[in-house]
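Generate the whole structure from the sequences, applying the supplied hints.
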Amino acid sequence: MTEPAILVLEDGRTFRGRAYGAVGETFGEAVFTTGMTGYQETLTDPSFHRQVVVQTSPHIGNTGVNDDDPESRQVWVCGYVVRDPARVPSNWRSRRSLDAELADQGIVGISGIDTRALTRHLRERGAMRVGVSSTTTDVDALLQRVLASPGMAGADLANEVTTRQPYVVPALGEKRFTIAAVDLGIKSSTPRYLAEQGCEVHVLPATSTDADILAVDPDGVFFSNGPGDPATADGPVAAMRGVLGVKPVFGICFGNQVLGRALGFGTYKLKFGHRGVNQPVQDRATGKIAITSHNHGFAVDAPTDREATTDHGRVVVSHLDLNDGVVEGLRCLDVPAFSVQYHPEAAPGPHDATGLFTSFIELMAAHR
Amino acid sequence: MSPRRSDINSVLVIGSGPIVIGQACEFDYSGTQALRVLREEGLRVSLVNSNPATIMTDPEFAAATYVEPITPEYVEKVIAAERPDAVLATLGGQTALNTAVALHDRGVLDKYGVELIGASIEAIRAGEDREKFKGVCDVIGADYARSSLVRTVDEAVAAAGELGYPLVLRPSFTLGGAGSGFAHDETQLRSMIAAGLAASPVHEVLVEESVLGWKEFELEVMRDKHDNCVVVCSIENLDPMGVHTGDSITVAPAMTLTDREYQVMRDTAFAVIRQVGVETGGSNIQFAVDPATGRQVVIEMNPRVSRSSALASKATGFPIAKIATKLALGYTLDEIPNDITRETPASFEPSLDYVVVKIPRFAFEKFPGADTTLTTHMKSVGEVMALGRNFTEALQKAVRSLEAKGAELDFASPVGEVADWLPKAKRPHDRRLQAVVQAMRAGVSVADLASETGIDPWFLDQLALLGEVAAELAGAPQLDADALRAAKRHGFSDVQIAAIRGDVSEDDVRRLRHALGVRPVFKTVDTCAAEFAARTPYHYSSYDEEDEITTGDRPKVIILGSGPNRIGQGVEFDYSCVHACYALHDAGYDTVMVNCNPETVSTDYDTSDRLYFEPLTCEDVLEVVAAEQRSGRAGGQGDSGGVVGVVVQLGGQTPLGLAQRLKDAGVPIVGTAPEAIHLAEERGAFGRVLAKAGLQAPKHGTARSYDEAVAIAHEIGYPVLVRPSYVLGGRGMEIVYDDETLHDYIDRATEVSPEHPVLVDRFLDDAIEVDVDALFDGEELFLGGVMEHIEEAGIHSGDSACALPPMTLGRADVRRIREATEAIARGVGVRGLLNVQFAVAGDVLYVLEANPRASRTVPFVAKATAVPLAKAAARVMLGATIADLRAEGMLPAGDGATLPLDAAICVKEAVLPWSRFAGVDTVLGPEMKSTGEVMGVDAGFGTAFAKSQEAAYGALPTKGRVFVSVANRDKRHLIFPTKRLADLGFEVLATEGTAEVLRRNGVPSTVVRKLSDGRGPDGEPTIVDKIHAGEVELIVNTPFGNSGPRLDGYEIRTAAVMRGIPCLTTVQALGAAVQGIEALRGGEIGVASLQQHHAVITAARESERLSGENPAVPGADSTIARGGATQVQEGDGN
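Here the protein sequences come in this chain order: Z and S. Going by numbering that gives the first Met the number 0, the first residue of the first sequence is number 0, and it counts up by one from there. Going by numbering that gives the first Met the number 0, the first residue of the second sequence is number 0, and it counts up by one from there.
FYI, nobody ran anything at the bench for these hints, they're computed from the structure. Accuracy of the hints is not assured; some may be wrong.
Stated by the list, open to error - Examples of chain Z residues toward chain S, derived with CB under 10 Å:
no.	residue
1	Phe14
2	His58
3	Arg82
4	Arg86
5	Asp113
6	Leu117
7	Pro169
8	Ala170
9	Asp351
What the hints assert, rightly or not - Per the computed footprint, the stretches of chain S lying under chain Z, defined by three or more beta-carbons under 8 Å from a beta-carbon of chain Z, are:
no.	region
10	246-257
11	275-282
12	290-300
13	344-354
14	450-462
15	691-699
Idealized CB from N, CA, C, for every residue including glycine.
Below, the structure written as structure tokens:
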């Protein structure tokens, strides 16, 4: 059996379990995700940077770790909480165990705790700071360190996860479009989807200005998902303002929040966020529902009962989450721009919303 | 504003008929949900279903409930009577779907302008027709196991060139898989294909790419009219491809798929449902995945609610049948709220934070000679489901829910030999899981087992983990809290822990556990992995940290369900439990249901006030009771927490078996006391009750040796009924006629010793067997119903047909039966239901058996007499008197034995699973073998009987050839009915001996050759040849002595099953059949609803009440031809 480990929330609630992954100590924001598949994609999603992820699904690691499914170059979660880690991975694509992968990447985890109790606690009290340690059993001392750790509100994290250098993902087949994709924490599935539709994707660092973006002479501009508080994303918001109305724009997740702010809307922190692969989102234009992949702790505050008028013309809330009515998409009526709060690139999650990439292609085609 | 369709005002729902293997009470669950939804929507609902044991056929669930055969002919009559706007057939299993297709093909739907809602005819065909379905897959680009139909060896070799090896060969139209097998190369193919072509009567063999041993998955998918699709549940089979999913251990959610593979599967499932054209509702799509490459192929789809959807509903809390019904009415998923959270919509995909394991329940012990190897042909009779926070916990809970001796995983007995266990682990059979565990204990590695069995290494490693935990437990220096918790976390029961430790008992473990505070908590099934608060108290236990039971302040009654369906314990008991929930809720109690059978209405989260999906073992039930006591009104120390008591009388043997131990543990048992239950079962004590009341039982004795058995038999006189108290090889009771057969029985079927005595009973000849269900409140008796059996000697009451009102009993008989029943009720100390079996022989009334609990016949009696017997029983158990219930209007004045003379005749007929067990003799006996029942209702007995036969087996013939061959003792009783058949124009075929008797009595017959005679010199066919040639329409064949493959009768009966020809194995059934045939020839048979039948009874009761006249008594001088009927003492409950 591995070392004992403890998990202490900032409000003092404590769970005792066993070390999983690396032995050590870690601090972050405790969030839960309800996806039953796709832990490898989840772990490597840069949007989880500085978060300690609680998996509500009890068995994690069953299919091991392969080389195809990571969504970025590394594991980004800063702590991992599971109930029953697999002892033996089983899948024809598996290369190594998840336990070993987490240890290799220095990710501190804890297993064997009542993850449902923890989830219910976070649901009732909201996402909060947490510490996980397999190097101490002193709960009070760990709690003090949790209270001293930074929170998520006000955290500017896109710069910590973005690519340092621009790179190009070539189009698959005949190249039809050039896209500038601002990497605020981009998942590799997104450029892949675009590439499959004949787009050459220039992935640019989060610090890119509108001038940097326009310098690649794109047919369209994409703003990716990413971690942190959108209220801090002044750089990307400025860049967004610079390209709105100039080039077709598509944003996902953090990119949706950046568009929202660029249009003058506020953003706010959800109590415990949306993290999972089963969220019903309704396209308000068609009434159709997509089951979608979510990973967001913040949301855009935009009016859902009417068109809004902004510096960039009229804007509507295009999509709503049917569970709680949260804004899940924005569409500009006078400039070619739209965004969604959820993840059409899935990975993990359903492919119900992949049509949005086609919509972006069509938008670019119409504005070329 | 309602979004539902406004053009549908009335709907006819087609049910699924009797419980058979492959189609069990899951369709009662789905049908009941459908009816409730339709009624809530304000529609006029009618129903046709021949199964009286179901909740859905309760008259309050529909405006018109037709307990009639589910055949196109009868359903057309119902449509003509009801003129519904629409027919809903997707919730009644394959039976309903096939009937709907037949109604369409006959033009009935068009003729009456009825719309089929849920799935269109085209969608049903595209989903069900293999060739059409392949076309669907081709259109959407989905992969499937490719195949080719060949007629020559050369064609087969050519097909192999395209398909590659290994190949599965399936000769067309052979029974029991004759000639099928695997070919791994051309040499094998060449030799096997010749045999296969020869075995096929049409000389065709399907050559198919093999997916045997691949991983198997299922997705439960729903679609609404706006094309919104969701996956409700993913299910992974622990058993790889090759075992029917109904016979497989299955796990939800899928455990060994990455998100990439899962999403591809999901996309394919949606493409299939769209292309097949299921516009609204649920479908089930099965996949096979090559473990080496990940290649996915679609196996099949069901364009309807299925067994798997019932499982998925219980596993997730997402009520598929209910939502499918709403979708059929035109709602969309987002317009339907999720019942569990109330604030989120049904347009989502449930997320589970627990693991669900389903294990099938088999009944091979009832069918000696049946092949226990599991194939693609389903053989299980029921299933259990368990939930745990991890796989090991769920698996071990499921295994102990089976209540099958020796099923619990054994980590305590000495380690066996690889050579013994590995072959057992390789062969898919009912105890394969146990064999895998033992093979592992014997030293076989996970990797080797994976390659030998095809079971995924992840599952095997979980079993290895159990072995490691058990070893740690065994080696722990002392049984402390940590050691207990470690074992409990992986689902070990107190029984297992005691066995592994060796020096403690189950009770010791429990006491220690309680002292150390090692107790389970109860979690909630909430559809959303705790993302939203659940409003529905649907719980399961886990050895985890946080308990979620909320407090309540109403008094609580805990009702123990009946566990997995098996032969002898099926939907009838669930019916009584569900009724108790309804009645006690209405009476002001919070009802708490405990059960582990996912197919049932009782495990629907809105049947009771709280649902615990838990094994029905003493340990698990005690923990539920403790949880309820903790969460009760006061909940303090020494307080019952508002728990008034536990109901054990309604769920059959399962809860009854727990009664005494629960009481000993301080749990209040309501109704008849456990001691009284025991008294009725203990021969000596019960004998004293009978003696005191001046009642007689057939002579009997208990033998401790063969010589004693012979002595008792001689004293009583042959024939005697013998049964073991200890069963070996799954054999139960038998009727023996002489010393030789007695010796043979004891040799073959049991061991006899002072520890394992054999019971020997007098077998009553020429007796009428009578079944009584009654209610007793301590003072007054309410005779629920008196049923007269149709079948002869030695047939288990569950397998025999019976009629209510009793056809040949006179007033005096009924009076004596009433007096005797009351004396027994009083003597035993019954509070609630009592079932008594009597035999009337000559002028003597014998008491065969009394069971102070709900019997299998309670729902039938309730429907035949228009009395909610189970509801009344639940109330009586909690202290109401029969007088109170009459005052309330729940019980009528008079009772079930005082039906008006114009009340309809109700015939109950048993349904037997012969066709599932190739080679098993179809003879009825003292051991119950039926899986379900039907009811035929009509004004006269003949018509009611004919309906019951048609509902159970198919219509009785009205012309053609009847073959008769009976045992000597039946020959006298044969003459009259056979003559009548000849008069009606039947050609009578008989073997020589029987023909002679018939000829002397003026009945002309044609002599046919016995099988044992062989074909004649000029190839004259034997009777078996004639049956196979379709030249016989009706068979009468009564057995003598032991059944078995050496006898002619066996071959005749087996041929009848294969050809689907009605085969009567008793002369009494022949008598009834003749009446039925006469009724059928007499002209058009009508249909009427239960509500119409009940109106007649209620009106008569009302007029009696007003006039104060004496109640009517059923006719005393019926003219039914019948021979002897007699008794059986039942070992496995009624």
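How the hints compare with the structure:
1. Phe14: 8 Å, holds
2. His58: With a closest approach of 6 Å, the Z:His58 hint holds.
3. Arg82: Check passed: Cβ of Z:Arg82 comes within 7 Å of chain S, closer than 10 Å.
4. Arg86: 6 Å, holds
5. Asp113: Hint holds; Z:Asp113 Cβ to chain S Cβ min 4 Å, cut 10 Å.
6. Leu117: Hint holds; Z:Leu117 Cβ to chain S Cβ min 9 Å, cut 10 Å.
7. Pro169: 22 Å, violated
8. Ala170: Status violated, d = 22 Å.
9. Asp351: 8 Å, holds
10. 246-257: holds (count 6)
11. 275-282: As far as the region 275-282 of chain S goes, the hint is violated, because 0 residues have Cβ atoms under 8 Å from chain Z.
12. 290-300: Answer holds; 4 residues pass the 8 Å Cβ test.
13. 344-354: holds (count 10)
14. 450-462: holds (count 4)
15. 691-699: Coverage by chain Z is violated here, the residue count being 0 at a Cβ distance below 8 Å.
Consistency with the previously given hints fails for numbers 7, 8, 11 and 15, ordered from lowest to highest.
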